[in-house]
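A.B. asks: This is what each chain is made of:
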Amino acid sequence: MRKGLLAAAAVLAVSLALREDDFALLLLTRVLIVILACLGLNVQFGYAGVVNFAGATFFGVGGYTAAVLARSTAVPHLFILLIGGAAAALAGTILVVPVLRTRGHYAALVTIAFALLFRTFFEVNDALGGPQGLKLPELRIGPVHFNDAIEIGSFFASFYLKYIVLSLLLAALGFAFVLRLERSFIGVALDCIRLDEIAAASFGVDVARWKIVAFTLGNFLIGLAGALSAFMVGFIAPDNYSFGESLIFVSILLLGGLGNPWGLSLASAVVLLLPEKLQVIAEYRFLLFAAVVILILLFRPAGLLPRPLRRLT
Amino acid sequence: MRIILAALLFSLAAQAKETVRIAFIGPLTGGNSAVGLGGRNSADLAVKLHNAGPGSKYQYELVVLDDECKPDAGVQMATKAGSDRSIVAGVTHYCSVVAMATVDTFHRFGLPTIVWGAVLPDITYGHDFKEIHRVNGTMINQNETNAKFMAAQGYKKFAVIHDTTDYGKGHDKYFTKFITESGGQIVGDFGVTADQQDFTAELTQIKALSPQALYFGGLTPIGVRIRSQMDKLGLNAQFDGTSGIVNDDFIKALGPLAESVLAFREGAPAEKLPGGRKFLEEYGKQGYSNPPEAYGPFAFVAADLLMQTIEKTGPDRRKIIAGLAQVKDFDSIVGKITFDDHGQNTVPVITKYVAQDGKWVLWEESEYARGSRKLRGK
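Protein chains in written order, with our numbering: chain A, 80 to 392; chain B, 1062 to 1439.
Note that these hints are calculated values from the structure, not bench results. All C-beta atoms in this analysis are idealised placements derived from N, C-alpha and C, irrespective of residue type, glycine included. Check before you lean on any hint, since a few could be wrong.
[Claimed, not checked] Calculated cross-link-like contacts (lysine to aspartate or glutamate; reagent style EDC-like; alpha-carbon spacing at most 16 Å):
id	chain 1	residue 1	chain 2	residue 2
1	B	Lys1234	A	Glu276
2	B	Lys1333	B	Glu1425
3	A	Lys214	B	Asp1165
4	B	Lys1109	B	Glu1122
5	A	Lys214	B	Asp1183
6	B	Lys1420	B	Glu1332
7	B	Lys1413	B	Asp1402
8	B	Lys1413	B	Glu1205
9	B	Lys1109	B	Glu1343
[Stated by the list, open to error] Just some of the chain A residues that point at chain B, by a computed CB distance under 10 Å:
id	residue
10	Leu106
11	Arg198
12	Gln211
13	Phe234
14	Phe235
15	Val312
16	Tyr363
Kindly generate the complete structure, drawing on both the sequences and the hints.
C.D. replies: Right, dumping it as structure tokens:
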């Protein structure tokens, strides 16, 4: 709890210091949004052991829901964010049966197929903007217009500061929620299922139920992040939600250490900021970036911050 | 001694010049990186030539950013360029979907930009922002020329394969429109995803329809696959392509199969204009590891036009926008440039190409035009 508040305060302090630098704030917001999405993936992958290679797709479902609702209805935007999460959770129910019936590599394949299917669905669906994508209106919550710069007396700050505050709030809530979940009996049940399904079932843990809970909760968080991201970028297109993006989400999880929210936060920052810092070397940056990732996994195979052992006493 | 002193003075004078930064944004990684790197090198060449030339008031520096051909990465880079006040203008985007996504960002930051490759009409015509300009033509002009040319060559039955991106769909729309106006007929129209590998299903159906020509609206990677799979299935229709395949990779990947493929590109052919020959010469001298590709000359012209405008107006974003609005009959290596009130170059020259002996050859100079070789499917 203390650690979390300190981290949030640190992020806020850094963004205040950089308040006039739009680009730095944009990057920071992106990191926070990706943390939120990866928290969802962490519940699925890290706790319940449900493999999901369609992270970017659920992210996209949230984004597209936000775009369609914000363009053609008068639903308040704060609700739209939540509905974005709910829509992703709902889309996930399509996958529930095949995910429950398959294991390991096969479950991974199911989610990959789903990701490719949805990508094509976005692309050929002209009502959703087709390959051209959709533009989103400005995010408004109550009296706050998110795309106006902040000017109070002599205090000036980029409009991205508002996005930071909002995404920090959501990421912090998501973080607290995931930590609580891990400590609760649900977390114990999920761990049991991941480690040994048969043993868990013989101890009376309802494997199917908890897998569904984890999968749906995770997708909700991913969709919520996707909706927020769509509003911030102001434009969505299928290219944003390619299979490659899903792999990046998964790699953040593995890089950070499966099951550790702190690890994935650190890894999100590394994965998003490092290629950006390497812009100077243009076309070679992903090469170097890939080398760094391989080195990290070589020397720290369990990730940057491996999950500590659960103590039940 | 005197020479050294002169050299010293000269270098001092050079250092005293104010440095002006302009951004280049294009796809440097991913499937379209060949074109992106060609554009980057060409813009870089423009800056180097300008800095080396006499009489320029400023020292220019090119800030290179990678949009990965993805809208969200594009917006991120546009924000980076726009929020950096030391950058006064930008040479931006090859991919249409990215160029569409960043229009608002450039407007918000008031950064004057010139699009160097994206061909979707809405990029300039979809809004009233004064910041956005474009030196290349749109896909409307390109397909009008293409359709008229094919009709004149006597082709009547066409099958279409296009990718389902905005680029492919737009090409499909305008080509279909112009070819039906010219009396042609589309017997089959197939949309495919931009990363599809196997086209047997589409091509088998097309073969049954026996078209004289296959129109392809898309970029090099799937163009190569379609052309080679046509051969495997024995589909002997003329391959009619768009600007998306006018690059060396296309011919390299296909080898002899590329022979007789047609393609169209906006802009006059650089190698035929006096400035263009110089461009190719200088490009060769720099020893870049990639060729300029089809859109390199446009990136060169966009950078050059920006620098010439900055010389007149000074490095101030608003003044540059005002300066660009005045551009009329600007002589460039891709032909004359005049911006309309949407910042679109209104003098589109479309060049026709045919692949002959492993090279893209101007149609007018090819053996096909002279009649010693024949196009397919006739």
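A.B. asks: Run the distance test for lysine 1413 of chain B versus glutamate 1205 of chain B: straight-line Cα separation, threshold 16 Å.
C.D. replies: holds, 12 Å
A.B. asks: Between the alpha carbons of lysine 1109 of chain B and glutamate 1122 of chain B, is the straight-line distance 16 Å or under?
C.D. replies: Given pair lysine 1109 of chain B, glutamate 1122 of chain B holds - Cα atoms ~9 Å apart, limit 16 Å.
A.B. asks: Can you verify the interface hint for valine 312 of chain A: is its Cβ closer than 10 Å to any Cβ in chain B?
C.D. replies: holds, 5 Å
A.B. asks: Does lysine 214 of chain A pair with aspartate 1165 of chain B here, judged by a C-alpha cut-off of 16 Å?
C.D. replies: Roughly 10 Å between the alpha carbons, so the hint for lysine 214 of chain A and aspartate 1165 of chain B holds.
A.B. asks: Can the restraint linking lysine 1109 of chain B and glutamate 1343 of chain B be considered satisfied, given a maximum Cα separation of 16 Å?
C.D. replies: holds, 10 Å
A.B. asks: Against the 16 Å threshold, does the CA-CA distance of lysine 1333 of chain B and glutamate 1425 of chain B hold or violate the hint?
C.D. replies: holds, 12 Å
A.B. asks: With the threshold set at 16 Å, check whether the alpha-carbon distance from lysine 214 of chain A to aspartate 1183 of chain B stays at or below it.
C.D. replies: holds, 13 Å
A.B. asks: Given leucine 106 of chain A as an interface hint, is its Cβ closer than 10 Å to any Cβ of chain B?
C.D. replies: Since the shortest Cβ distance to chain B is 7 Å, the answer is holds.
A.B. asks: Checking one constraint from the list: CA of lysine 1234 of chain B to CA of glutamate 276 of chain A, max 16 Å. Satisfied?
C.D. replies: Answer violated: lysine 1234 of chain B to glutamate 276 of chain A is near 54 Å, above 16 Å.
A.B. asks: Closer than 10 Å between Cβ atoms is the bar; does glutamine 211 of chain A clear it against chain B? Give me holds or violated.
C.D. replies: Check passed: Cβ of glutamine 211 of chain A comes within 4 Å of chain B, closer than 10 Å.
A.B. asks: How about phenylalanine 235 of chain A: closest beta carbon in chain B under 10 Å, or not?
C.D. replies: violated, 13 Å
A.B. asks: Can arginine 198 of chain A be said to touch chain B, with a Cβ gap under 10 Å?
C.D. replies: Holds. Min distance 8 Å.
The earlier numbered hints that this structure contradicts are 1, 7, 13, 14.
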